[in-house]
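Put together the whole structure using the sequences plus the hints.
Chains as they are written, first to last, in the UniProt record's numbering: chain L, 1 to 715; chain X, 1 to 715.
Treat the hints with care, since some could be wrong.
Pairs involving identical chains hold if they fit within one copy or between any two copies, as the list cannot separate such chains.
[Claimed, not checked] Straight line, CA to CA, 20 Å or less: simulated DMTMM-like cross-link-like pairs of lysine to aspartate or glutamate:
(1) K425 with E562
(2) K546 with D558
(3) K542 with E526
(4) K344 with E526
(5) K335 with E534
(6) K646 with E534
(7) K636 with E183
(8) K261 with D225
(9) K549 with E647
(10) K546 with D51
(11) K549 with D644
(12) K547 with D51
(13) K340 with E183
(14) K442 with E663
(15) K439 with E663
(16) K549 with E561
(17) K123 with D644
(18) K302 with E409
(19) K646 with E562
(20) K340 with E647
(21) K344 with D539
(22) K340 with D539
Bear in mind the hints are in silico, worked out from the structure with no lab data behind them.
Predicted model only: the values in this text are computed from it and were never measured.
Protein chains: 2
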Amino acid sequence: PMTWRGSRPSFAVHRVEDIVCVLRCSVPKLKRSVLGFLPVLSWLPRYSLRDNALGDLTSGISVGIMHLPQGMAYALLASVPPVFGLYTSFYPVLVYFIFGTSRHISIGTFAVISIMIGSVTEKLAPDSNFPSLNETNGTGGVDLAARDAYRVQIAASTTVLCGLFQILLGMMRFGFVVTYLSEPLVRGYMTGAATHVVASQLKYVFGIDPARFSGPLSQVYLLIDICRLLPETNIGALVVSLVALVVLITVKELNTCYEKKLPMPIPIELIVIIAATLISYYGDLNSQYNVSVVGEIPQGLKPPSPPDISLWGSVVGDAFAVAIVGYAINISLGKTFGLKHGYKVDSNQELVALGLSNTAGGFFQCYAVTSSLSRSLIQESTGGKTQVAGVISSVIVLVTVLQLGTLFEELPKAVLACIVFVNLKGMFRQFLDIPALWKSNKVDLMVWLVTLVCTVLLNLDIGLAASIAFSLLTVIFRSQLPRYSILGRVPGTELYLDTDTYEEVKEIPGVIIFRSSTTMYYTNAELYLDALLEKSGIDIGKLLMKKKKKDSEQKRADKKEEKRAKIKAKNQVKHITLCSTGSDQDSEIGSYGDNHITQAASTGSESESGKSADNSTHTIILDLSTASFVDTVTVKILKNIFRDYKEIGIDVYLAGCQVCVVEQLSIAGFFCESIPKSCLFATVHDAVLHSLRVHGDKDRPQYECVLDMSSTTKM
Amino acid sequence: PMTWRGSRPSFAVHRVEDIVCVLRCSVPKLKRSVLGFLPVLSWLPRYSLRDNALGDLTSGISVGIMHLPQGMAYALLASVPPVFGLYTSFYPVLVYFIFGTSRHISIGTFAVISIMIGSVTEKLAPDSNFPSLNETNGTGGVDLAARDAYRVQIAASTTVLCGLFQILLGMMRFGFVVTYLSEPLVRGYMTGAATHVVASQLKYVFGIDPARFSGPLSQVYLLIDICRLLPETNIGALVVSLVALVVLITVKELNTCYEKKLPMPIPIELIVIIAATLISYYGDLNSQYNVSVVGEIPQGLKPPSPPDISLWGSVVGDAFAVAIVGYAINISLGKTFGLKHGYKVDSNQELVALGLSNTAGGFFQCYAVTSSLSRSLIQESTGGKTQVAGVISSVIVLVTVLQLGTLFEELPKAVLACIVFVNLKGMFRQFLDIPALWKSNKVDLMVWLVTLVCTVLLNLDIGLAASIAFSLLTVIFRSQLPRYSILGRVPGTELYLDTDTYEEVKEIPGVIIFRSSTTMYYTNAELYLDALLEKSGIDIGKLLMKKKKKDSEQKRADKKEEKRAKIKAKNQVKHITLCSTGSDQDSEIGSYGDNHITQAASTGSESESGKSADNSTHTIILDLSTASFVDTVTVKILKNIFRDYKEIGIDVYLAGCQVCVVEQLSIAGFFCESIPKSCLFATVHDAVLHSLRVHGDKDRPQYECVLDMSSTTKM
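If you want it as structure tokens, here you go:
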């Protein structure tokens, strides 16, 4: 059967074409989503050795050299043994290499995140929980090994949970949450965190052992305790610290001064560490002067182990805070570099990449990571072009962990504390934000200060929450104190501006144009109404009462009239014609006016009474161009405005509403018989023209004349 | 000395005149402030017996009759003996008479406030704290007298603190705080509170004794406990309740049906109370059927006693919540009546009045008051004109307390619970808000529902705080999802509207006009930037990279050229003229364009490359008319936009900024050499005209022509 044979292939062809078409459409989609999830595939195959290799190598080595001291020093902040800081500088970097979208940031340990993890480990595993079983280690009865093992477990579990939060947020495309952390907030928070870092490291500098505190105000208690213990300062530790500090600061300053002349900054931190280790080893500082040293560093890597899920219940809040703060730092740095070098940093993919780095890291006893400002700047400035630099830096860390780690066992902890201190310089320089913000934006200064105070006093988790809440409240406050203004026309244009600010603008006689500087919603709706009443100078309550009285008097009069008329009708009195002529004349004028009032026809006669009372205002135009949404309260207030002003014979028009506002008004059932859609005007000028067409020609025949004589109402 | 004599009196006269003038100015001020603080002085002297006396008398008697059952019933909610509910219906009314500005509201006990006070008293004075000393009272070992005395003490102290809060807020003119309680929130809260009221009264209906719970979810636990105890129901109490409920509901429905025909509603609550008391007395329900009755009611008034200040520490949160909620209910009712009857209700004075009522009441063992919707409606509808009605109602309460109180000792508590139930009808009818809000405003519906759930689950204090926080967050959310749009011109006008919504509008070729529907601030600034990039279709990153590459290539080429030129200069090759002519021509066209680019003069040559890449867009106009303030983040983003677009040769203009926005931009140091104030335009149209003047005449000589051919860019 030919027909069948003939039709089949064509059908098949169609289907194949369809499939091809579908494939053509879906393959790029699939490809895009795979590349989106694994950005490494999009750039590594196209990696140009010629262009990038040298830069990445130099940069990788420089960053690797920074990773070593920072990793060990920040591990102290996290209250875990220094080697875990090195692990943290290794595994997550590799994961980020695969999933990250920023080419210049250096993932790894960071002071603020480390101190946040430290507050968790110290809270859940205080010294007092680990009474020593054998008195030989001589540390006042604390089983250091068990304590540190448990602390590592806590840090790793928190990190896994934090990573899972980040992955989840990234999957749900919740990258935008970071926008709640405005710049003043982040900077204030960093500065606050830096004070925590300093407070936590002072004990190493002075070689003392203050009590641990947790909860609000713990930093204050800690500082008090440190002051109390100052007489017990270990002179050896203090001397080591002072020497290290002086050397570090001096050489760092030199680095900054000769930035342009040096091919790469002097790795003074590494030099200090090596020198200090040597001095400590040969001077036997630990046993001679009781200077606390890093202690045993296990050689080689550890096998992965699952996190302790039972801990998650007690660390969930901290893990979430770490997730958010870590991401915030990461994305702000990433976006900065992205903008500078012209590539796109995908905020949701960054969240996933950071989450995977943390989750994977957590299985290998790492603690939470983010990008570090100091390292990222070095990575970029020494010529790093891609994340290959990160891999090279992690190789250096790996070599150290595998081969050289044990050499650092005699390193005094005080030196690590000093390295932490000098790295905080940038954060403390943020105090200069205060005068800058004082000049530029006082509200943001307040956010900065409140964040600092909250962070210092309430600690890093609750402090962050409180700061975000305050920061959001400032938005509310700002919209709660709008500037209300009466608009007037700029002569010769269709432009209507604030009469208070611009002297040349002229109010349109009989028309009040009212605008709020911000959107009207429930917290300022009442204010809007009050301001309208005040600015328009129309005492609506009084007018309404007057009208009511008049109405009832009129009714009474009508009744009397009726009665009298009945009597008169009986008596056939002659002078009726006289008085009726008078009232007829009145009503004629009224109806003449009415013909021109197309919209407020029913209230035409009341209009007259309203006018006579209030400088002949006949129209109120509400310029709603600043409104971005409407809520129930706004609809109600607007309805009341329409109802009340109509009652005293004043037309109300809305002008300049955005499309979404009109839609929301419609949905809310705002438009009805008494408020037709025809009271909406695209611009204030349209509304004014309409109003003058309706009312104007009665009082003043010429429209042009009206607009030029407009100052008369101001009397 | 004549001169001295002559001058002295005139000086004196001057001074007298000054003083008179000052007095003239200050006396009305003083008078106004005295009248403002004591509103009674402004209306009582002008009280017209003829107009008001009859209405006030009827209304006062009706309200007084309602006060009696409500006072006793709500006292059970507050967990104090019924007589204190009567006190609460007496003292505060008198104080409010003097200080209040609303003429129609009925101050006194109210279900929601009562249950809030009840939660405090039960939390601080649980049964378990009062083991019975003598077993004769047979109530399972609870010393009721001591417990109740302490509970009254707690309620009174909380009330005094709450009153002080209100006075303080009123003095500081903080009446606006109530605006944070939007209508959907208040209605959701009331409904949530009503469920608490029901849950707390069920025990009286069933005659059971469930355990007390406090803290979050306590209502759930309570309901579970009640269900567990249902088998132990006291049949006597249940029968009494059912009978009372049926009678109350039937007669109330009849009242509603025949509202117009009845001169005043049948006081069925009072009738039920009297009937129930008689039945209970003669049927001896208490001892025969173990039906719990009101018990001893002390005769006469009690002397005032100071509050127990030591309690304030533990009730401060609750007192504040009571202060805010009480005021919110009061002011919303007051404003409603004020608007209806055309008088002004001063929100701050109301706060002071309510605060004084509470403070004074607290000294006389009253608990917190506010206006009750049901009583206020009766007060108004039965003809009440002024607060004299309130005084009359309190006289009725006084007579009851002094003479008739003891008669109610045999009244079953179940009857009072039923009275509470039927009074909640209005609150439960608020569930009808759900379909109404679903239709009109989904965000407000969410606020309603979240408030209800928070109130039900988290109790009345934390629930209120959580609801307010959520309600504020909705404002943030709303401004976080703005509608971004590209504007086009309505042909023949100066109006620029959204191109997506209005088909007739036409984009101006080469000009992108961009607007956000809401103010830009830190939470949506990034979105703004992203939307601008997306909507404008200009990939700025790519263009910047291209430009950089071009620049470096240019440099390299220049260098090569230089080298070659040197070689060529040596070799004196002839064909240089040929190629240089070509490039000269190019640069000539470039400089021709430059002459017309007045503002972006320095970037003129780059402008060409930008244009060729992106459909010849030469200007971006940001319509900032919806912005109501700017923060640091916004300034930064705007600066970046200016910098980046300038770099690729696109001019950026700002249009329609409000005065305050321009001010804030200036203060923030936004305007500088590269961003002159001349890039600000009053309207979009001005900016478009300027842009076309600068760029337009090169491509298309006629401006009118451009505006009519404007659809060409859409290709």
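Status of the hints after comparison with the structure:
Taking CA atoms no more than 20 Å apart as the test, K425 paired with E562 passes in neither setting, with 93 Å inside one copy and 46 Å between copies. Only within a single protomer do K546 and D558 lie at most 20 Å apart by alpha-carbon distance; the minimum there is 17 Å, versus 85 Å between protomers. For the identical chains of this complex, K542 and E526 are intra-copy neighbours only, at 19 Å inside a copy versus 49 Å across copies, given an alpha-carbon limit of 20 Å. Proximity of K344 to E526 under the C-alpha cut-off of 20 Å is restricted to the inter-copy arrangement: shortest distance 13 Å between copies versus 45 Å within a copy.
Only between protomers do K335 and E534 lie at most 20 Å apart by alpha-carbon distance; the minimum there is 17 Å, versus 48 Å within a single protomer. For the identical chains of this complex, K646 and E534 are intra-copy neighbours only, at 18 Å inside a copy versus 45 Å across copies, given an alpha-carbon limit of 20 Å. For the identical chains of this complex, K636 and E183 are inter-copy neighbours only, at 10 Å across copies versus 37 Å inside a copy, given an alpha-carbon limit of 20 Å. Taking the shortest alpha-carbon separations for K261 and D225, neither the intra-copy value of 46 Å nor the inter-copy value of 79 Å comes in at or below 20 Å.
In this homomeric assembly, K549 and E647 come within 20 Å of each other (Cα to Cα) only inside a single copy, at 13 Å, whereas the closest approach across copies is 69 Å. In the homo-oligomer, the alpha carbons of K546 and D51 lie at most 20 Å apart only across protomers (17 Å), although the nearest pairing inside one protomer, at 85 Å, exceeds that limit. When the C-alpha separation of K549 and D644 is checked against a cutoff of 20 Å, the pair qualifies only within one copy, where the shortest distance is 16 Å, while the shortest distance between copies is 66 Å. Taking the closest pair of Cα atoms, K547 and D51 come within 20 Å of each other only across two copies (18 Å); inside a single copy the shortest separation is 85 Å, beyond that limit.
With identical chains, the CA atoms of K340 and E183 are at most 20 Å apart within one copy only, with a shortest distance of 18 Å there and 48 Å across copies. In the homo-oligomer, the alpha carbons of K442 and E663 lie at most 20 Å apart only across protomers (13 Å), although the nearest pairing inside one protomer, at 36 Å, exceeds that limit. Only between protomers do K439 and E663 lie at most 20 Å apart by alpha-carbon distance; the minimum there is 13 Å, versus 41 Å within a single protomer. For the identical chains of this complex, K549 and E561 are intra-copy neighbours only, at 17 Å inside a copy versus 94 Å across copies, given an alpha-carbon limit of 20 Å.
Taking CA atoms no more than 20 Å apart as the test, K123 paired with D644 passes in neither setting, with 62 Å inside one copy and 48 Å between copies. Taking identical chains as interchangeable, the C-alpha atoms of K302 and E409 lie at most 20 Å apart only when both belong to the same chain, with a minimum of 18 Å there against 79 Å between chains. Taking CA atoms no more than 20 Å apart as the test, K646 paired with E562 passes in neither setting, with 29 Å inside one copy and 80 Å between copies. Taking CA atoms no more than 20 Å apart as the test, K340 paired with E647 passes between copies only; the shortest distance there is 13 Å, against 61 Å inside one copy.
Taking the shortest alpha-carbon separations for K344 and D539, only the inter-copy value of 10 Å comes in at or below 20 Å, while the best intra-copy value is 58 Å. In this assembly of identical chains, the alpha carbons of K340 and D539 lie at most 20 Å apart only when taken from different copies (14 Å versus 58 Å within one copy).
Of the hints listed earlier, those the structure fails to meet are numbers 1, 8, 17 and 19, in rising order.
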